[in-house]
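*Asks:* Below are the chains, spelled out letter by letter.
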Amino acid sequence: MLKGWARKMAEPLLRIEALHIVAAENDARSVVDRVSFTLESGEVLGLIGESGAGKSTIGLAALGSCRPGMRVAGGVVSFRGSDLLRLDERGLRRLRGSKIAYVAQSASAAFNPALPIGEQVIEVAYRHGLLRRDQARAKALELFRELGLPQPETFYARYPHQVSGGQLQRAMIAMALCAGPELLIFDEPTTALDVTTQLGVLAAIAEVIRRYGVAAIYISHDLAVVAQLAQKIMVLRHGRCVEYGDAEQVIQAPRAAYTRELLAAQAPSAPLAALPALDPERPARLLEVEGVSLDYAKRSVLKQVSLGLEEGSTLGVIGESGSGKSTLGRVICGLLRPRQGRLRLGGETLPAGLDQRSREQLRAVQLIHQSPDSALNPRQKIGRQIERALCCFTTLNAPQRRARLRELMAQVELGVELLERYPAGLSGGQKQRVCIARALAAEPRLIVCDEPTSALDPLVAQGVLALLRRVQRESGVAYLFITHDLAVLRQIADRVAVIKDGDVVYQGALEGLLNDPPGGYIRDLLSAVPELRIGWLEERLERPAAGDNENVA
Amino acid sequence: MVSAWIDAARRPLPRLIGTRLALSLLMLLVVSMLIFAGIQLLPGDAASAILGQSATPAARQQLELRLGLDQPALSRYLSWLGGMLRGDFGVSFSSGQPIAAALAYRLNNTLFLAGCTALIAVPLALLIGLWSALHRGSVLDRGLNALTRAAVSLPEFFSGYLLILVFAIWLGWLPSSAAVFGEMPLSTRLYFIALPCFTLILAVLGHMANMTRAALLAIQQESYVETARLKGLSPWCVLRCHVLPNAWPPIINVIMLNLAYLIVGVVIVENVFVYPGLGQYMIDGISKRDIPVIQACGLVLAAVYIALNLLADLLSILANPRLRHVD
Chain A
38 MLKGWARKMA
48 EPLLRIEALH
58 IVAAENDARS
68 VVDRVSFTLE
78 SGEVLGLIGE
88 SGAGKSTIGL
98 AALGSCRPGM
108 RVAGGVVSFR
118 GSDLLRLDER
128 GLRRLRGSKI
138 AYVAQSASAA
148 FNPALPIGEQ
158 VIEVAYRHGL
168 LRRDQARAKA
178 LELFRELGLP
188 QPETFYARYP
198 HQVSGGQLQR
208 AMIAMALCAG
218 PELLIFDEPT
228 TALDVTTQLG
238 VLAAIAEVIR
248 RYGVAAIYIS
258 HDLAVVAQLA
268 QKIMVLRHGR
278 CVEYGDAEQV
288 IQAPRAAYTR
298 ELLAAQAPSA
308 PLAALPALDP
318 ERPARLLEVE
328 GVSLDYAKRS
338 VLKQVSLGLE
348 EGSTLGVIGE
358 SGSGKSTLGR
368 VICGLLRPRQ
378 GRLRLGGETL
388 PAGLDQRSRE
398 QLRAVQLIHQ
408 SPDSALNPRQ
418 KIGRQIERAL
428 CCFTTLNAPQ
438 RRARLRELMA
448 QVELGVELLE
458 RYPAGLSGGQ
468 KQRVCIARAL
478 AAEPRLIVCD
488 EPTSALDPLV
498 AQGVLALLRR
508 VQRESGVAYL
518 FITHDLAVLR
528 QIADRVAVIK
538 DGDVVYQGAL
548 EGLLNDPPGG
558 YIRDLLSAVP
568 ELRIGWLEER
578 LERPAAGDNE
588 NVA
Chain B
16 MVSAWIDAAR
26 RPLPRLIGTR
36 LALSLLMLLV
46 VSMLIFAGIQ
56 LLPGDAASAI
66 LGQSATPAAR
76 QQLELRLGLD
86 QPALSRYLSW
96 LGGMLRGDFG
106 VSFSSGQPIA
116 AALAYRLNNT
126 LFLAGCTALI
136 AVPLALLIGL
146 WSALHRGSVL
156 DRGLNALTRA
166 AVSLPEFFSG
176 YLLILVFAIW
186 LGWLPSSAAV
196 FGEMPLSTRL
206 YFIALPCFTL
216 ILAVLGHMAN
226 MTRAALLAIQ
236 QESYVETARL
246 KGLSPWCVLR
256 CHVLPNAWPP
266 IINVIMLNLA
276 YLIVGVVIVE
286 NVFVYPGLGQ
296 YMIDGISKRD
306 IPVIQACGLV
316 LAAVYIALNL
326 LADLLSILAN
336 PRLRHVD
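Top to bottom, those sequences are chains A and B.
All residue numbers for the first sequence refer to our numbering, where the first residue is 38 and numbers rise by one.
All residue numbers for the second sequence refer to our numbering, where the first residue is 16 and numbers rise by one.
There may be inaccurate statements among the hints.
To be verified - Derived Cβ-Cβ restraints for the label pairs, each shown as a range:
1. Glu397(A) <-> Arg35(B): 43 to 49 Å
2. Arg337(B) <-> Val113(A): 43 to 49 Å
3. Arg425(A) <-> Ile54(B): 46 to 52 Å
Claimed, not checked - Examples of chain B residues lying across from chain A (beta carbon under 10 Å, computed):
4. Asp85
5. Val240
6. Thr242
7. Gly247
8. Asn261
9. Ala334
10. Pro336
To be verified - Sample of chain A residues with no beta-carbon within 12 Å of chain B, all distances over it, derived:
11. Gln199
12. Arg277
13. Arg297
14. Glu325
15. Glu357
16. Leu569
Because the hints were derived from the structure by calculation, they are not lab data.
Quick caveat: nothing in here was measured; it's all calculated off a predicted structure.
All C-beta atoms, glycine included, are put in the ideal place defined by N, C-alpha and C.
Please model the complete structure; the sequences and the hints are all you need to start from.
*Replies:* So, in structure tokens, the structure goes:
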């Protein structure tokens, strides 16, 4: 008996051993391939990898859960000595929420839209019989206060759609903590947030981990974020563990080649490898936006925005979500009509509405969407979709179009065999390349790129950015590149415009923005981007920036 | 829930409801025009239908004069609409009696039949939908699915006669005719409408059950339902607290659509079972070219239909916090 007790004491909080999860319909396809690790109380493990690497699947397995379409083929998930994979539903329910809690990637999807936030936060504690309703409520209010949520009492009664994404993500953390768990699973909790919001949420997570001494698994594709929180890091690829070690070692002395690749993709790259030097004489203005204003309902989204873009160059438009940057892109494409203001393309007036634009003008401005999944028709073959653009905007005959299709596919570095496939048969990066090919088919003078890499994994995004740069060098097309990611901006933009609440607060050279931040907002934006070194978060929180009070409690 | 309703009263919800109400009235006006115009286009004229083929032109002319058929269409429409607004439904051509009294009696019968059907069919459909959503893919789920689909596919004039054959003729348990009359006690009345009621249940049950199941399954894919499960809540709690509140709007809509069908679509069943309801009254009116009766029935049925859809709209709004709590 003493022996049993001793073994229980020696047992770590969580022990995952040779965890093997396969696709339900095909046993040969491993989603997680024999992964092992242990986690002690109060320890934080970072799981790193691209989408499809099996990070979330491991996170859910730590709760004894498995998404539909997958099956646990073997292994052990032992929490305090009991194997979750062999526990019955009732036993699992006792642990879930109360001992092991889950923080989902998108809080806005993870909260029930029909219930007040507070009700959902206290649910675990009082339904598991751990606290009475009023006690649970008091606990929730305390957590809201600690997490820096404004007016906890009011917030408690609000519905998910009434609060911001960052606040909802904090509420999700409160929901996970309310029953006093010993292990938290964070499944990319800041991926959907802006950098400044992310900073606040990261600080809140670091604080609750420290204060409550809980263990955590932190899942992310962002090494810099994980480096701030985790003591150990595991790098995953295709379900296999490629590297597992102390955070310091993985970041400073990575052993696996794949880890080095990931680190390189995230390193603050020396601004743009060999951008073509612009012509010594000032190049001609291609696009001019003059005093454009636009309202949604009664809310003003764009306020007197004026911008200029030179022939063959790239203007990066950066701002947080809701700043109006995508709206601006849609105005330029003619998809939205501004309330006032004018557009000029190559010196000629560009009418506001699509139906007033000539075919030539329609051809000249193309758009690449954020999500290639929804930008391609799932029921049409790739070749047909690109050819459609050729039919619309060129006078080529059928054999010429076929030749041009091959040319375009070569230009975006895709094999011609993909022309016969449907979008479902392509990866995310391939789909975005198809979208680029479709835009190029029109031989445009300007492409509006609306966050074309934000839905892609870092390495794939690198490839797409390199492609866009090469295409620009070869064809002289200009880009209006919309992004919320400064690292991306550094790699592609010649000039930048910073948009805040529908206002252009900075416009000029990229160097000017990076070297000598002129305004408080831009400085905050810059300093909120996590840096790839351990201890950055603490340093950053010790010297708060001007705009932090609303984000960091 | 009550607090939410009180809360709703303070929000711009009244304006939303006001808009829907105004739109419904407008729609009813348009429908009244369509009904009137439609009847003008019908072949044959009332006077010949009443007097028979052998009537002299003089007699026909006199009758038309008496019925007001010599007036231009627009003025007839306006006087009809004006009468309707005052609650005066006009006088039947064939019987010479005011329509309002007969219509009220018939509508009452129809509502009784539809109400009895709804009382059984709606809870049953919800239960079947819930059960099959919870036990998705089980043998009983697939069996119920096939059965309800089969019931929907059978037209009422077929399933009605089938039921008469089995329960009235072979087994002799139930009467084949549902000819109820005024002073019948409730129990006898229920006994008489059992077969038409059963026929209508077969017609609407499948649709409601299937849509309930589909709505619940769609909500179960949502990320917040996964979150609720990962919070260790019991399956019943997940269903009651997280799935159902979000599944109500589509379910309410399909229930209301079927209730409307129960009232508007009973024409066939009433005829099969000789039930003295609104549908039969209308068919009688059509065969006798009794224009005021047809118009009155058409308008009442349209009003019921529009009212039920309005109710579905309003209930969906109340069930949706995004619409209830507008910032």
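*Asks:* Give a verdict on every hint.
*Replies:* Hints versus structure:
no.: 1; hint: Glu397(A) <-> Arg35(B): 43 to 49 Å; verdict: holds, 46 Å
no.: 2; hint: Arg337(B) <-> Val113(A): 43 to 49 Å; verdict: holds, 44 Å
no.: 3; hint: Arg425(A) <-> Ile54(B): 46 to 52 Å; verdict: holds, 50 Å
no.: 4; hint: Asp85; verdict: violated, 52 Å
no.: 5; hint: Val240; verdict: holds, 8 Å
no.: 6; hint: Thr242; verdict: holds, 4 Å
no.: 7; hint: Gly247; verdict: holds, 3 Å
no.: 8; hint: Asn261; verdict: holds, 5 Å
no.: 9; hint: Ala334; verdict: holds, 8 Å
no.: 10; hint: Pro336; verdict: holds, 5 Å
no.: 11; hint: Gln199; verdict: violated, 6 Å
no.: 12; hint: Arg277; verdict: holds, 25 Å
no.: 13; hint: Arg297; verdict: holds, 34 Å
no.: 14; hint: Glu325; verdict: holds, 37 Å
no.: 15; hint: Glu357; verdict: holds, 20 Å
no.: 16; hint: Leu569; verdict: holds, 30 Å
Hint compliance for this structure: hints 4 and 11 are not met, and every other hint is.
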